[in-house]
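Take the given structure of chain A and dock chain B with the ligands to it, following the hints.
Residue numbers (our numbering), protein chains in the order written: chain A, 1 to 253; chain B, 1 to 356.
Be aware that a few hints might be false.
Here are a few chain A residues that face chain B, going by a calculated C-beta distance under 8 Å [to be verified]:
| id | residue |
| --- | --- |
| 1 | ASP36 |
| 2 | ASP63 |
| 3 | PHE64 |
| 4 | THR77 |
| 5 | ALA103 |
Here are the simulated lysine-lysine pairs, BS3-like style, with alpha carbons at most 25 Å apart [claimed, not checked]:
| id | chain 1 | residue 1 | chain 2 | residue 2 |
| --- | --- | --- | --- | --- |
| 6 | B | LYS207 | A | LYS14 |
| 7 | A | LYS43 | B | LYS204 |
| 8 | B | LYS194 | A | LYS14 |
| 9 | B | LYS204 | A | LYS14 |
| 10 | B | LYS206 | A | LYS43 |
| 11 | B | LYS188 | A | LYS43 |
| 12 | B | LYS192 | A | LYS43 |
| 13 | A | LYS14 | B | LYS212 |
| 14 | B | LYS159 | B | LYS293 |
| 15 | B | LYS212 | A | LYS43 |
| 16 | A | LYS14 | B | LYS206 |
Treat the hints as calculated values from the structure; they're not laboratory data. By construction, the Cβ of each residue, glycine as well, lies at the ideal position given by its N, Cα and C atoms.
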Amino acid sequence: MGKTFTRPVALSEKDTHYCPGCTHGIVHRLVAEVIDELGIRGKTIGVAPVGCAVLAYNYFSFDFMEAAHGRAPAVATGIKRVRPDLMVFTYQGDGDLASIGTAEIIHAANRGEKITTIFINNAVYGMTGGQMAPTTMPGQKTTTTPFGRDVEQTGMPMKMAELLSALMTPAYITRQTVISPKYVIKAKKAIKKAFEYQCEGRCFSLVEVISTCPTNWGMTPVEALSWAETTLLPYYPLGEFKTPDSQGGNDAA
Amino acid sequence: MGKVLMKGNEAIAEAAIRAGCLNYFAYPITPQSEVAEYMARKLPEKGGVFLQGESEIAVGYMVFGAAGCGERVMTTSSGPGISLMSEALSFIACAQLPAVFVNIMRTGPGLGGILPSQADYFQATKGGGHGDYRLIVLAPSSVQEAVEMVMMAFPLSEKYRNPVMILGDGLIGQMMEPVEFPENLIVKPTRKNKWAANGMDTRKSKKRNIVKSLILDPETMNTHNLLLKEKYDQIRKKEVRFETYNMTKPYKVLIVSYGTMARVCKTAVDLLKEEGIEVGLLRPKTLFPFPEKKIREAAAKAHCKMVLSIEMSMGQMVEDVERSVQGKCPVRWYGKCGGEIPPPKELMEMIKGLKL
Ligand SMILES: Cc1ncc(C[n+]2csc(CCOP(=O)(O)OP(=O)(O)O)c2C)c(N)n1
Ligand code: SF4
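Isolated chain A (complex conformation) (with noise of 0.2 Å):
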């Protein structure tokens, strides 16, 4: 009998520097084994953002560029304008998307760039040491919301995959988990179907992957697992929001 799980091609052979529990890991592995299914990987280039994925290109075995703080929109706007035959996909968290890098996911999103982007929403700033991000929830205690989020001084968390889907511009727009085994068959076909629109030239595809962070959540990794079933899919329902088929505005499942 022939091996059954294997390394992705499309995974290099480094260990990844996340900590132990964190989610990023099983999502890099979605995205290696969409792109080897699809046979891409020889046209493919991903970009990196800045957040604890800045080293995500060490984790892939195609090309990568690494773009500033919530530029990587702009950055594979840049590259499939001038190589619309390559797939360029962005990998990025919540602090990188939807705080610095607002103006560039909507815009990139709502000139229906075809382009595949990844988007961790794991609640928190990873990297810099669990800061407050535009994602944290309600009370949600972090390094910059020591009493926890005060929504009267800071808002409400935003809910990036239904404010893109508000757009007219046709794009698919799908936000998935990765906190069971489940979930993460569901994840995987969401990923694989992003990336399917963007090699048939249709439109901009976005898949939020709700994440964990147990260091700065401050939690155990199984402990984080329940906390973001509880806690934030109620807040951050799974599902498909826009297809390039369905209108644009909030038709969502």
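Relative to the frame of chain A, chain B with the ligands by itself:
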């Protein structure tokens, strides 16, 4: 091809297209928006890429992306926009990507005004963005020269894998002059470079490329900075360009001036000559690298009593002039930076009033 009458901004756009640059990203800002308008009309018919970005921040990184996959790319802007692109410039310089940035300067600081100025000299030559990096800075003083500099900027940026900035003032962008476009490209664009992240299939290579500026290891970071320094030293050695005017005469005053300001200085030099006063003029065409050696030698002449840095700024280039002269004779600044260009008469009166 003969001469055609063209507005500076449009000539800059046409020059880029003729230099084989079919990729252009920009955000509108006076006094250079005509470049974008020209590109929006012309690039589609050439099969090129024109994109109006959502901000100069985004545009800077669109340039990064396009340059990172090895395609010829340009953007144009003015002071406030260049400020927003400065983070990207730092990233592009660190990642050693070739790209051409044009700054058609307006007055500042702040929102300032839309009239011509040379107030972004520091921004262009001393960084603007963070970290140890340099731009190659070319300063045209006519529309014709702007065309030539744009066309040479691409091969220059590719040779050194470093961003090149064309630093023109508002007048260069807005004025109409007869221009003649050079017939042949100096170097054609190629996809053959080995460093670009343009897909392993494109390069028919099994080795992947990473375009990045993150270097966490202190030793590697230092080595990278040394490599950049070596490159900048090479540029200092090989790429200095300048024009001399009336410098064979025993001038008592040597003017150092660039761009539009240098043209006015030339007229003043001619008029002073008619009155029997010899003044030399040295016009840097490259602001980085700066013609330090030439200025030092010219200032060291026994007949030279003073060096004047004349700029449409409140005294920026004068610091480089002082550094070059090395105390060989007194250095003074003269300038204006409200958008008006000091006329020849004003310069003549000022020079005649100098206590030498
Ligand atoms: C212009 C700029 N501002 C701030 C930073 C510092 N910084 C690095 S990562 C980061 C936040 C990253 O958080 P997120 O995007 O949520 O990714 P995560 O680390 O959680 O995966 C910040 C603020 C920077 N590198 N550049
Ligand atoms: S800090 Fe958080 S997001 Fe970053 S690697 Fe650790 S667990 Fe993952």
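Legend entry - Hinted pair LYS43 of chain A and LYS204 of chain B, Cα distance within 25 Å: The hint holds at about 10 Å.
Inset, instruction - Below or equal to 25 Å on CA atoms is what counts here, so check LYS212 of chain B against LYS43 of chain A. - result: holds, 18 Å
Legend entry - Straight-line alpha-carbon gap LYS206 of chain B to LYS43 of chain A, limit 25 Å: holds, 12 Å
Legend entry - Holds or violated: LYS159 of chain B to LYS293 of chain B, with C-alpha atoms at most 25 Å apart: Satisfied, since the Cα-Cα distance of roughly 24 Å is no more than 25 Å.
Inset, instruction - Hold the hint about PHE64 of chain A up to the distance rule: shortest CB distance to chain B must be less than 8 Å. - result: holds, 5 Å
Legend entry - Restraint status (C-alpha distance of LYS192 of chain B to LYS43 of chain A at most 25 Å): Given pair LYS192 of chain B, LYS43 of chain A holds - Cα atoms ~16 Å apart, limit 25 Å.
Inset, instruction - Tell me if ASP36 of chain A is really an interface residue toward chain B, meaning its C-beta lies closer than 8 Å to one of theirs. - result: For ASP36 of chain A, the interface hint is violated, since the closest Cβ of chain B sits about 14 Å away, which is over 8 Å.
Legend entry - Proposed interface contact between ASP63 of chain A and chain B, which counts if any beta carbon pair is under 8 Å: Check passed: Cβ of ASP63 of chain A comes within 4 Å of chain B, closer than 8 Å.
Legend entry - Restraint satisfaction for ALA103 of chain A [CB to CB of chain B, less than 8 Å]: Hint on ALA103 of chain A: holds, closest Cβ of chain B at ~6 Å, below 8 Å.
Legend entry - Holds or violated: LYS194 of chain B to LYS14 of chain A, with C-alpha atoms at most 25 Å apart: Holds, at roughly 23 Å.
Legend entry - Pair hint LYS14 of chain A and LYS212 of chain B, alpha-carbon separation not exceeding 25 Å: holds, 18 Å
Legend entry - Given hint LYS14 of chain A paired with LYS204 of chain B - CA-CA distance at most 25 Å: holds, 24 Å
Hint violations for this structure: number 1 only, all remaining hints satisfied.
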